[in-house]
Amino acid sequence: GIQVEQSPPDLILQEGANSTLRCNFSDSVNNLQWFHQNPWGQLINLFYIPSGTKQNGRLSATTVATERYSLLYISSSQTTDSGVYFCAVEIEIGTSYGKLTFGQGTILTVHP
Amino acid sequence: DAGVIQSPRHEVTEMGQEVTLRCKPISGHDYLFWYRQTMMRGLELLIYFNNNVPIDDSGMPEDRFSAKMPNASFSTLKIQPSEPRDSAVYFCASSLEAPPGDTQYFGPGTRLTVL
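Residue numbers (our numbering), protein chains in the order written: chain P, 1 to 112; chain W, 1 to 115.
Because the hints were derived from the structure by calculation, they are not lab data.
The model shown is predicted, which means the values in this text are computed figures rather than measured ones.
Wrong hints could be hidden among the right ones.
[Stated by the list, open to error] Only part of the chain P face toward chain W is listed, based on derived beta-carbon distances under 7 angstroms:
#: 1; residue: Ser7
#: 2; residue: Gln42
#: 3; residue: Leu43
#: 4; residue: Lys99
Every residue, glycine too, gets a C-beta built ideally from N, C-alpha and C.
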């Protein structure tokens, strides 16, 4: 099956710092999503971004589908950004609609 | 909308007992997904439904697990008999239409502990 690798596995920041999280995947995809799991366990969808660039406030994401990677940028980090960031992909096979495969996540800790 | 609703939020049971987890998707969503999250295996898709019909159950770990969706607003995931290795957080998610094109919205999860 498709492999999804996220880096770094852990990241510790001081409030106000910027960061870049990376997601590499092993096959062509027609769906890529970034999620944030907060310290209470809730999973929140951040971006649906199979290709191109999107921005939402201090967060932005870029996916280069031809090179099979996606980046999540967090600027001016805040303590509320702490949690685990997951990348999830769906491969380009007609019978696989809806089958998201998740990476192992990046654990982000932002200190005040 | 209230979002995806799951119950119970926490469940503690003894090995061998039957466990039933419940999910109410967002109204109008066509797809419903069940995931399991563990430290060892991360987030795994177990099964998903489209218009109440199971589409892919290849992620269901074994015959002890079963899932049903009797109508558009309710789904259950049942484990019988439960084992300690089933301890995990089980998430339900729903989406408006098949990807590509839409996002999956997750419920708060059910934390299951099997003693």
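- Hints that the structure is at odds with (numbers, increasing): Violated: hint 1 alone.
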